[in-house]
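Number of protein chains: 2
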Amino acid sequence: MPRLPSFARLLAALERLPGVGPKSARRLAHYLLAAPGSEAAELLGALAAAREKTIPCSVCHALTEEDPCDVCSDPGRDLRLLAVVEEPADVEVLEKTHEFRGRYHVLGGALAPLRGIGPDELHVEDLLARVAKGEGETKVEEVLLATNPNVEGESTALYLARRLKPLGVKVTRLALGLPVGAALEFADEVTLSRAVSNRREL
Amino acid sequence: MPRLPSFARLLAALERLPGVGPKSARRLAHYLLAAPGSEAAELLGALAAAREKTIPCSVCHALTEEDPCDVCSDPGRDLRLLAVVEEPADVEVLEKTHEFRGRYHVLGGALAPLRGIGPDELHVEDLLARVAKGEGETKVEEVLLATNPNVEGESTALYLARRLKPLGVKVTRLALGLPVGAALEFADEVTLSRAVSNRREL
Numbered sequence: 422m423p424r425l426p427s428f429a430r431l432l433a434a435l436e437r438l439p440g441v442g443p444k445s446a447r448r449l450a451h452y453l454l455a456a457p458g459s460e461a462a463e464l465l466g467a468l469a470a471a472r473e474k475t476i477p478c479s480v481c482h483a484l485t486e487e488d489p490c491d492v493c494s495d496p497g498r499d500l501r502l503l504a505v506v507e508e509p510a511d512v513e514v515l516e517k518t519h520e521f522r523g524r525y526h527v528l529g530g531a532l533a534p535l536r537g538i539g540p541d542e543l544h545v546e547d548l549l550a551r552v553a554k555g556e557g558e559t560k561v562e563e564v565l566l567a568t569n570p571n572v573e574g575e576s577t578a579l580y581l582a583r584r585l586k587p588l589g590v591k592v593t594r595l596a597l598g599l600p601v602g603a604a605l606e607f608a609d610e611v612t613l614s615r616a617v618s619n620r621r622e623l
Numbered sequence: 422m423p424r425l426p427s428f429a430r431l432l433a434a435l436e437r438l439p440g441v442g443p444k445s446a447r448r449l450a451h452y453l454l455a456a457p458g459s460e461a462a463e464l465l466g467a468l469a470a471a472r473e474k475t476i477p478c479s480v481c482h483a484l485t486e487e488d489p490c491d492v493c494s495d496p497g498r499d500l501r502l503l504a505v506v507e508e509p510a511d512v513e514v515l516e517k518t519h520e521f522r523g524r525y526h527v528l529g530g531a532l533a534p535l536r537g538i539g540p541d542e543l544h545v546e547d548l549l550a551r552v553a554k555g556e557g558e559t560k561v562e563e564v565l566l567a568t569n570p571n572v573e574g575e576s577t578a579l580y581l582a583r584r585l586k587p588l589g590v591k592v593t594r595l596a597l598g599l600p601v602g603a604a605l606e607f608a609d610e611v612t613l614s615r616a617v618s619n620r621r622e623l
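First to last, the protein sequences are chains C and G. Sequence positions in the first sequence follow the working numbering and run 422 to 623. Sequence positions in the second sequence follow the working numbering and run 422 to 623.
Treat the hints with care, since some could be wrong.
Repeated chains share a single entry, so a pair holds when one copy, or any two copies, can fit it.
[Said to hold, decoys possible] List of simulated lysine-lysine pairs, DSS-like, C-alpha gap at most 30 Å:
hint : residue 1 : residue 2
1    : K554      : K444
2    : K474      : K444
3    : K517      : K444
Treat the hints as calculated values from the structure; they're not laboratory data.
Could you build the full structure based on these sequences and the hints that come with them?
In structure tokens, the structure reads:
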């Protein structure tokens with residue numbers, strides 16, 4: 422076996438990525454070594470730039486390069502409607518459906534007591550304050566709980582529904598129709614679009 | 422849709438990687454943005470170091486950090502036996518079987534006339550010279566053609582067999598038993614091990 426400590430180090434770094442096993446890590450490593458210098462430099466530069474420039478929106482916690490984000494500063498959005506999602510990536514997939522015209526609130530995950538993630542680890546108090554205070558001059562009338570349709574996402578939705586209802590807001594949930602047990606991030610746009618338009622009250 | 426030019430640039434760079442589609446690129450991008458600074462720095466550093474330190478071995482063209490590579494400078498290898506592979510990654514998988522104790526010759530690809538890859542684009546002349554001259558004081562007695570068991574790999578093997586036989590060397594091929602149409606790189610070690618021990622003469 423050739424001794425290649427720098428190659429082994431690259432393999433180890435690649436294997437830490439989600440969805441990358443030992444074989445795809447090796448494939449990626451060989452590709453990255455053989456790629457032209459410009460392509461490798463572009464990947465390195467793109468990653469460094471993205472990490473430097475993207476920040477969480479101070480209003481909704483989605484990823485943005487300018488604070489507040491495009492959605493929060495768009496005068497055309499329906500301020501009476503707020504969608505609660507787990508991760509910044511979920512904002513992106515919901516936006517792609519063009520079905521939702523309200524604003525977002527990114528929790529930063531889902532409740533997972535066994536892994537020590539309670540309401541204090543998520544942007545929950547922040548959400549309650551937003552709903553209680555209203556968006557600018559506008560009262561929030563409906564909160565759509567768009568957490569993932571799996572155990573953690575469902576229990577997060579139930580928890581949030583219990584906390585939100587005393588504020589006199591309508592609380593809705595994405596329609597089932599999403600494949601149960603899956604992650605929002607991987608749903609196709611048509612299914613997700615239908616899940617938004619068929620949302621049900623909790 | 423939030424305007425995120427740096428994120429879009431990272432996505433584009435990730436989508437160029439082999440085996441990474443739009444959805445896994447998005448997943449990787451979000452992971453890389455959310456990862457701790459140390460982890461991102463390690464990935465960037467590992468890639469830069471691997472690209473800087475690994476060079477092709479001047480004897481066999483495998484990847485190495487010192488020239489000649491470990492295999493070519495190992496006095497315990499059987500110099501009468503030479504395995505011809507397409508890519509540096511293939512040396513690694515063959516080494517893992519512990520079934521092959523000779524040296525290697527990396528072609529740098531397979532013949533693909535439609536994509537303009539002929540013998541001159543590969544390390545073919547180089548291979549013929551090695552076999553004609555012998556390894557050090559030792560005559561090369563057998564060349565094992567370990568190209569991929571797909572159309573391009575098979576025709577490369579047939580071409581090389583025709584060029585090598587006039588040199589009075591025994592030319593062998595990996596046993597079929599490898600799933601036809603697949604790539605060497607993804608074979609499991611047991612199958613590949615059997616393919617080495619059952620190699621047949623061409």
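Comparing the hints with the structure gives:
no.: 1; hint: K554 / K444; result: neither (51 Å within a copy, 36 Å between copies)
no.: 2; hint: K474 / K444; result: between (32 Å within a copy, 22 Å between copies)
no.: 3; hint: K517 / K444; result: between (32 Å within a copy, 13 Å between copies)
Comparing the model with each numbered hint stated earlier shows that hint 1 is the single one that does not hold.
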